[in-house]
Amino acid sequence: MNSVANHLSKLISRKYLYLLPAVLLLGTFAVYPVFQALWMSFTDMELLREEFNWVGIENFKRLFNDPRFYTSLKATLWFVGGSVLLQYLMGMAGALILHNLRIKSVKYFRAAIILPFAFSELVVGILWLRILDSEFGIANAMIQLFGGSAQAWLYDWAMPAAILVNVWWGTTFSLLLFEAALKSIPEEWYESGRVDGGGRWYLFRHITLPSLKYVTFLDLVYITLFTINTFGILFVLTFGGPSHQTEVLGLFMWKQAFRDYSMGYGSTISVVLFAINIVLAVSYLKLFGRGVLVEERY
Amino acid sequence: MKKFTNTGMIVSWLILAGTCLLFFECGADGEKTTTIKVINQSRWASNIEKAVDQWNASNPERRVKLDQLVIGYPQLKNKLMTAAGAGQPPDLSLIDYVWLAAFAQAGHLAPLDEIDREWFINDYKKDFFPVFQQGEVLDGHLWGVRTQTDMALLWYRKDWLSQENISPPETWQDLVRIGKHFQKAQVREQFGNSQFPLAMPLGTKARETLVYQLLPLFWSNNGGIFRNGELILDSQQNVETLKFLSGLVNDHKIVSPEAISFEWNRALQLFATGKAAMAFGGSYEKRMIQEVSGWNDSEFSERVGYALIPAGPDGQPSTTAGGMCYVVYEGSPHKELAFEILKLAVSPENMKEFLLETYQHPPRKSIAETLDEQKYPFLAQTTKYLHKARTRPSSPEYSDLSDLIQEMIENVITGEIEPASAVRLASEEILSLMDQSE
Chain A
1 MNSVANHLSK LISRKYLYLL PAVLLLGTFA VYPVFQALWM SFTDMELLRE EFNWVGIENF
61 KRLFNDPRFY TSLKATLWFV GGSVLLQYLM GMAGALILHN LRIKSVKYFR AAIILPFAFS
121 ELVVGILWLR ILDSEFGIAN AMIQLFGGSA QAWLYDWAMP AAILVNVWWG TTFSLLLFEA
181 ALKSIPEEWY ESGRVDGGGR WYLFRHITLP SLKYVTFLDL VYITLFTINT FGILFVLTFG
241 GPSHQTEVLG LFMWKQAFRD YSMGYGSTIS VVLFAINIVL AVSYLKLFGR GVLVEERY
Chain B
1 MKKFTNTGMI VSWLILAGTC LLFFECGADG EKTTTIKVIN QSRWASNIEK AVDQWNASNP
61 ERRVKLDQLV IGYPQLKNKL MTAAGAGQPP DLSLIDYVWL AAFAQAGHLA PLDEIDREWF
121 INDYKKDFFP VFQQGEVLDG HLWGVRTQTD MALLWYRKDW LSQENISPPE TWQDLVRIGK
181 HFQKAQVREQ FGNSQFPLAM PLGTKARETL VYQLLPLFWS NNGGIFRNGE LILDSQQNVE
241 TLKFLSGLVN DHKIVSPEAI SFEWNRALQL FATGKAAMAF GGSYEKRMIQ EVSGWNDSEF
301 SERVGYALIP AGPDGQPSTT AGGMCYVVYE GSPHKELAFE ILKLAVSPEN MKEFLLETYQ
361 HPPRKSIAET LDEQKYPFLA QTTKYLHKAR TRPSSPEYSD LSDLIQEMIE NVITGEIEPA
421 SAVRLASEEI LSLMDQSE
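Top to bottom, those sequences are chains A and B.
Each residue of the first sequence is one higher than the one before, starting from 1 at the first, in this note's numbering.
Each residue of the second sequence is one higher than the one before, starting from 1 at the first, in this note's numbering.
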């Protein structure tokens, strides 16, 4: 086997040979679909129709004049904003609690917290559909047990309910990331802080938070981009209703492409979504400063 | 280190090669066995399995290996669309008859009459009810064969109504009156039903089921989408129907506002578990109601009544006749063989067995004529409703049209738009859809 590889490496420069499998896989499954979606966004392609036409920027004009796009954008803003903020805060709080918990059974807590992340988003959606069920769900049963009245969660509280479910599912990721980062902060730094007379808040603000800057950046970028592109939970819980109030951009795109079969228009939405992803990633870089990536390396 | 990196490189290349093999699905079947790919729903799966077994028993020299993908109705259309659109259709599949025209127009279906003209003339034309042939024979060609038919029904708790001396609902007023009765606290305490005694889907989440179950309500008030080829959606009767639907939720409060997020089978679950006294549904749900409730046939007939969709002020009780078809794909390399399996699956003997097993109605005259009323009272009684049944429009634009109707209903229920504006807007969009297709 090795002699074959040695022979091949004589023919082709080895560094390119090492890179090629990854480049081919990424090119086929990541880069090519992006360019294909971009190309399709300039056509009127439909799933069942073989012929299609080049329509230029017509799909983009249609999208920016479509009131559903703006309803969808608003829903996305609420869903992503609410989810990211709560996931970040709860992930950080959970990590601090777990890190400072000085009991033997902490591993069981950790296992319980990791559990939701082991489910796929569709399973999470179905699980919470049962919990929030107005007739048979445990949420209303608990409320009624304490004298409250049953709620139509997926009608009157559709967006808050969706955010709650997404946060329940996604907080684990932030928590694990922050907990791992907390373990890497040297204890001596805290000891020095205490010697200087710093209290808990002082230590958190001047040692913990700055030390977590890189991880916070990673966490926020990851959960923002992941949440903006995901719609499985909403698909199962509300299907975008009532009246498009929870129809985030991803779901809007899915409905256009795979319910109405307008692949051209659906691709246009995906291109806009891609652009929003890039804008958000760059904004985070600006917010944290480009140095955040360099600082960590040294 | 060098040895390690070289091995790593070889492993990477092997992974890449493996991925390529998986991607292109390399492999070959034996010469004498042909694999027939089928996309089907679970209730139909055994029907196809039996047809394949029968084929293999009588044709040992030309055996068929069945590769059947079984999925639920909500996923069926997407799966078929994406498979056909990607140029990788199955050989045979189940399809809702309302999608037939779009698939046929796109060139994805094989004209079955051209594969076996004799069967088309001597069996299909003679034995299948003409009303179903209208939806399956388009431009002179047969594109699909109906496996069964079903109809929209109003399920109600016969035992509860009888105990309360209430006659079954026949009009919209009856629906409201009965709903309000079962909303009373002492009645709810007695029967254990919820505060929303009528269950029905009212939102886009139920997808095609919403149109299937609620279009008869529009017909029952002398409204609808088309009449004699003319678009009649923007009419006073349809506005009244939408107001009535909205009133059930927002004024009378006998239907849960959550009905806009009901899945296609949610109403039947509420009915079968005793949470609802009445539910909009389909005749195909009888077996599912029994499965959820655990009632046997005699318990079912004691407890459950069924009626046509009640009449509005301007109309008559109504229902819609639906059904699924088997189709063969133009892109199939084994069209003739797939059609042989299809013919066996819809043969009078196999079809009758399938229908009696699943409590569905026959599209074949020969089966309808031989149904034993004593043995199968539900099928025999509801078959009579087929005389009042109408079918949903069969056109290539049906999917878009259905989406518009679904959106229209949901938006009215949530108060997003007034009924009069809703029918006007939907009407305009349907007209524009029709213009585009022309």
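Since the hints were derived computationally from the structure, they do not count as laboratory data.
Quick reminder that beta carbons are idealized off the backbone N, C-alpha and C, glycines included.
Take these hints with a grain of salt, some might be off.
[Stated by the list, open to error] No more than 25 Å apart at the CA atoms, straight line, and that leaves these computed lysine to any residue pairs for SDA-like:
hint	chain 1	residue 1	chain 2	residue 2
1	B	K50	B	G72
2	B	K79	A	R49
3	B	K253	A	Q36
4	B	K180	A	D260
5	A	K213	A	L96
6	B	K158	A	K213
7	B	K79	A	K213
8	B	K388	B	E240
9	B	K79	A	Q36
10	A	K61	B	D435
[Stated by the list, open to error] Quick list of the computed label-pair ranges, beta carbon to beta carbon:
hint	chain 1	residue 1	chain 2	residue 2	range
11	A	L287	B	M434	19 to 29 Å
12	A	A141	B	S42	28 to 38 Å
13	A	A141	B	Q75	58 to 68 Å
14	B	S421	A	W157	40 to 50 Å
15	B	E330	A	L25	52 to 62 Å
Structure versus earlier hints, numbers of those that do not hold, lowest first
3, 4, 6, 7, 11, 13, 14 and 15
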